[in-house]
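With chain E fixed as given, assemble chains C and Y onto it according to the hints.
Those protein sequences? They're chains E, C and Y, same order as listed.
The opening residue of the first sequence carries number 1 in our numbering; numbering runs sequentially from there.
The opening residue of the second sequence carries number 1 in our numbering; numbering runs sequentially from there.
The opening residue of the third sequence carries number 1 in our numbering; numbering runs sequentially from there.
Hints listed in this document are in silico derivations from the structure and should not be mistaken for laboratory results.
You can take every hint at face value.
Some chain Y residues near chain E, calculated using beta-carbon distances under 10 Å:
id : residue
1  : Ile57
2  : Asn70
3  : Arg83
4  : His102
5  : Glu106
6  : Thr112
7  : Ala115
8  : Ser131
9  : Val146
10 : Cys184
11 : Ser189
12 : Leu193
Being a predicted model, the structure only gives us computed values, none of them experimental.
Backbone N, C-alpha and C fix where the C-beta goes; we use that ideal spot for every residue, glycine too.
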Amino acid sequence: MRSPSEPPESGPPPDYRHAYPVFLIMGGLLVVALAVRAWLVPETFGEFGYYRGAALDEAKVRTSRYLGRQACAECHDDVAALHAKDAHGSVECETCHGPGSAHVEDAENVLPRADRQQDCLVCHRRLDARPGSFPQIDRDEHFRLVGVTNAATACVRCHSGHEPLFMNKDLRTARLHPLIHACGDCHLGRQDQTLKQPAGHPQIFQCSYCHADVSASAAKAEHHAIACTTCHLFIKENAFSGRIVRDTDPRFCLLCHGQADFRSQDGPPLITWPGHLADVSEETPDPTRACVDCHQDQIHDLFEKEVSHGL
Amino acid sequence: MMNFVFPNELRVTWTVMIVLYPYITGLVAGAFIVSSLYHVFGREELRPIARFSLASAFVFLLFAPLPLLMHLGHPERAFNIMITPHFTSAMAGFGYIYSAYLLVVVLELWFVLRSDFLARARGRGPVAWLCRSLVLFNLHESPATREADHRIVKFLAGLGIPMACTLHGYVGFLFGSLKANPWWSTPLMFVIFIFSAIVSGISVLIFHYFVVFWINRWKVNGACVRSLGRYLWGFMMVAVALELLEILSITYEQTDKTEVLNTLIRTKLFMSYVVLQFLVFSLVPFLMLAVHALFRVRERVAHALIWTSATMLLVQVLLMRWNVVVGGQLVSKSMRGFTSYFPGVWEKEGLLTAAIIFTMPFLILYVFHRIVPLFPDVDGRSKQP
Amino acid sequence: MGCDCAGMMTRREMIQRLVTGATGSLLVWTFPALAAEGEDPRDRPLYAYAVDTTRCIGCCACMRACRAENDVPDGCFRTWIERYRVRANGEVLVDVAAGDDHVFEEDPVPDTVKAFFVPKLCNHCEKSVCSQVCPVGATYETPEGVVLVDQKRCIGCGYCVQACPYGTRFIHPTKHYADKCTLCYHRISRGELPACVLACPKGVRIFGDLHDPESRLSTMLKQRRYRVLKPEMGTHPKCYYLDLDFEVV
Numbered sequence: 001m002r003s004p005s006e007p008p009e010s011g012p013p014p015d016y017r018h019a020y021p022v023f024l025i026m027g028g029l030l031v032v033a034l035a036v037r038a039w040l041v042p043e044t045f046g047e048f049g050y051y052r053g054a055a056l057d058e059a060k061v062r063t064s065r066y067l068g069r070q071a072c073a074e075c076h077d078d079v080a081a082l083h084a085k086d087a088h089g090s091v092e093c094e095t096c097h098g099p100g101s102a103h104v105e106d107a108e109n110v111l112p113r114a115d116r117q118q119d120c121l122v123c124h125r126r127l128d129a130r131p132g133s134f135p136q137i138d139r140d141e142h143f144r145l146v147g148v149t150n151a152a153t154a155c156v157r158c159h160s161g162h163e164p165l166f167m168n169k170d171l172r173t174a175r176l177h178p179l180i181h182a183c184g185d186c187h188l189g190r191q192d193q194t195l196k197q198p199a200g201h202p203q204i205f206q207c208s209y210c211h212a213d214v215s216a217s218a219a220k221a222e223h224h225a226i227a228c229t230t231c232h233l234f235i236k237e238n239a240f241s242g243r244i245v246r247d248t249d250p251r252f253c254l255l256c257h258g259q260a261d262f263r264s265q266d267g268p269p270l271i272t273w274p275g276h277l278a279d280v281s282e283e284t285p286d287p288t289r290a291c292v293d294c295h296q297d298q299i300h301d302l303f304e305k306e307v308s309h310g311l
Numbered sequence: 001m002m003n004f005v006f007p008n009e010l011r012v013t014w015t016v017m018i019v020l021y022p023y024i025t026g027l028v029a030g031a032f033i034v035s036s037l038y039h040v041f042g043r044e045e046l047r048p049i050a051r052f053s054l055a056s057a058f059v060f061l062l063f064a065p066l067p068l069l070m071h072l073g074h075p076e077r078a079f080n081i082m083i084t085p086h087f088t089s090a091m092a093g094f095g096y097i098y099s100a101y102l103l104v105v106v107l108e109l110w111f112v113l114r115s116d117f118l119a120r121a122r123g124r125g126p127v128a129w130l131c132r133s134l135v136l137f138n139l140h141e142s143p144a145t146r147e148a149d150h151r152i153v154k155f156l157a158g159l160g161i162p163m164a165c166t167l168h169g170y171v172g173f174l175f176g177s178l179k180a181n182p183w184w185s186t187p188l189m190f191v192i193f194i195f196s197a198i199v200s201g202i203s204v205l206i207f208h209y210f211v212v213f214w215i216n217r218w219k220v221n222g223a224c225v226r227s228l229g230r231y232l233w234g235f236m237m238v239a240v241a242l243e244l245l246e247i248l249s250i251t252y253e254q255t256d257k258t259e260v261l262n263t264l265i266r267t268k269l270f271m272s273y274v275v276l277q278f279l280v281f282s283l284v285p286f287l288m289l290a291v292h293a294l295f296r297v298r299e300r301v302a303h304a305l306i307w308t309s310a311t312m313l314l315v316q317v318l319l320m321r322w323n324v325v326v327g328g329q330l331v332s333k334s335m336r337g338f339t340s341y342f343p344g345v346w347e348k349e350g351l352l353t354a355a356i357i358f359t360m361p362f363l364i365l366y367v368f369h370r371i372v373p374l375f376p377d378v379d380g381r382s383k384q385p
Numbered sequence: 001m002g003c004d005c006a007g008m009m010t011r012r013e014m015i016q017r018l019v020t021g022a023t024g025s026l027l028v029w030t031f032p033a034l035a036a037e038g039e040d041p042r043d044r045p046l047y048a049y050a051v052d053t054t055r056c057i058g059c060c061a062c063m064r065a066c067r068a069e070n071d072v073p074d075g076c077f078r079t080w081i082e083r084y085r086v087r088a089n090g091e092v093l094v095d096v097a098a099g100d101d102h103v104f105e106e107d108p109v110p111d112t113v114k115a116f117f118v119p120k121l122c123n124h125c126e127k128s129v130c131s132q133v134c135p136v137g138a139t140y141e142t143p144e145g146v147v148l149v150d151q152k153r154c155i156g157c158g159y160c161v162q163a164c165p166y167g168t169r170f171i172h173p174t175k176h177y178a179d180k181c182t183l184c185y186h187r188i189s190r191g192e193l194p195a196c197v198l199a200c201p202k203g204v205r206i207f208g209d210l211h212d213p214e215s216r217l218s219t220m221l222k223q224r225r226y227r228v229l230k231p232e233m234g235t236h237p238k239c240y241y242l243d244l245d246f247e248v249v
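Just chain E, same shape as in the assembly:
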């Protein structure tokens, strides 16, 4: 593959001597470069793998800024004890208050400082994609419902961040309506024996707290042994709120009171439907009539007062 202009093998025998120093210099440079390279490889390189072994220790030496609740409890044991029992028990102090190391350096340096409403709403604002089981509110709606006029009112004026279930933490009586919670929402990471014995769990909410009239009336009626929630099912209305339903369809009562071949005669009084209507009345049976039209007093009295079950 010689250039066509040159006749093949026409030149004199080549004299390579002038090229030796060039290749010698290049070879020398190569050796020097490799030696310098070997000298520059960090001492601990390759100790554990293809990296500088000392980097591992360098990565470890930094001090932690988040210290954990035990560190907070060293000074604030009273608050820590209250906090651990309540619904925020699984939330670390520093999640709301910021890194503990900053507070240790400067006692004033602790969150939340000014706008506490925003600090609560970070988690509890109603938000698309927030799981429906998690308590969340629309601030304006909530304030309208509970009659708060100043939109800047801080949440902690009524709610305690450390004991959020108590509305009135001094008396420890008024409590928040429990939307359906999983046990782990309060008990996450706690080595709490009640977790394994749900029957022994203290009741955090009783219907009578808000519906005293109804409860008192029900206690005197024939159905007094039946729990409110047997008939009033808690239905999640949407992702954010629930309501108690009052089902007046006769078929609902017939679930317990309907005559059936599998049902014991020793239980609740049994009837046939709509034959029962004909039995107690001379009129033509009206299938739209509800049981409670006649039997309300056997359940409980009705009262004017309305209680909203949405927050």
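Showing chains C and Y alone in chain E's frame:
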């Protein structure tokens, strides 16, 4: 709606510097292959441009790492890539491949130019002193040494071809092997880069050759230029065909990346990729070169066609580098959205830096030319002792 | 004579040392695995991470904690939370709380049929692409399976940023090295939890040792359904997502 970008991807990591880097190495590889066409494959009609192309390859090679250094967060640690090269990484080879190739090019250039150095080594003055030191103070020359130079040059030129392809093709591999990026990840990338490199290398030689000859009012060597024009036509056809093949297979395969890449081409890259790179700067030079290659045209017209197409293809390859390097980073790895990028003028990695880096090789080439003529056939100085 | 002998010895020693040193460094250079100690890897912990996507409330406490613990620069993220909202027509809207305070915009979307949050962070892959492509050995996997960056060796080329399929890496805007989640290596090596795990109020983020069959993480992975992100990348991520929807990439 395709609108979500991972939050760390809002800033594009590889800037216009990384567009410039494969562009320059492409010029190196292309120019070197032209010189080897003469030195190894004996394309005698390319002799007038052989030395110029080797020198071009050399100066571009000198500046190829500069955009990388401008881009590195820690340029002072650049030699880590040679001290502790992690060979599982495609990038780790850069230092060694680059150094080896630079060595070959410098050696080849030295043996090509030894006679010229010797011719200028006698006498006084800085040029003579420089030439004396360049020949290592060995002023002996005979037909036997020239024959030795010739044989060494042929060997080095042959050795340099695979190395040029490695240096540049490996840049293509560096992109093509990144599985995380749907726009880059294709084995074709390696081949596309090599062919586009040859196109850009031939183009820059033609462009520069004509400019130098027109400025100096020298007579253009028609046979050489027309041969280059035919090579350019052939290589650009392969390069563009490979690029179209890539788009075709992406579109036809209808895999998960088809949708996001089609959106990329239709929106973010429509102007720079579809309109400029293909419709303007590929189609027009293709037609012009076809006219030159297939029809008998007058020499003036042929030269105009070749120069214009070479200049346009130079832009085409730059656009291709931009569309690959920047285009690939516009696609979020969320496959749901696109980010945006255009360099500022005054940034560290901006347009001004890019312009300076790209101008430097031409200046160095001019200085080079002041010492040793790049076109000995037409340059009167070469005849002087 | 004795003096000569000593000289000979030292010279021989020197040559020996040179030869063994050169061969050793050449071997280590070519086969870095040779340098690692031959101990049973199961004696060490193998740290991994799980994310219970059903529990996340999108409060972004993790992002704030990560920022405070690790001085993450503005506009860069070692961890973030994505919100997915799927509309009735199948359209998927994704956003992140990328602002300085990391609070999601309320910005309700009509006809949302399905919505959830997904926290993201470095997957600390078993076959991490980032440490594969790092040209200088600055990104590496620790013996405990944590992928870290050697900030003193990183040249800031950004190849790892391009190679990571999960977008978890960034070049530090002022310090110019590659940066990413370290699983709070300084904390976990002292037995503390990563800051994001500590700060999460809902126990979404679970950190643990895969080599410890009793760890909460190991138990979770035995009991729950999970998947990893982009398994087709062959990276074998060690960040497990419990009950994750297919929409998430």
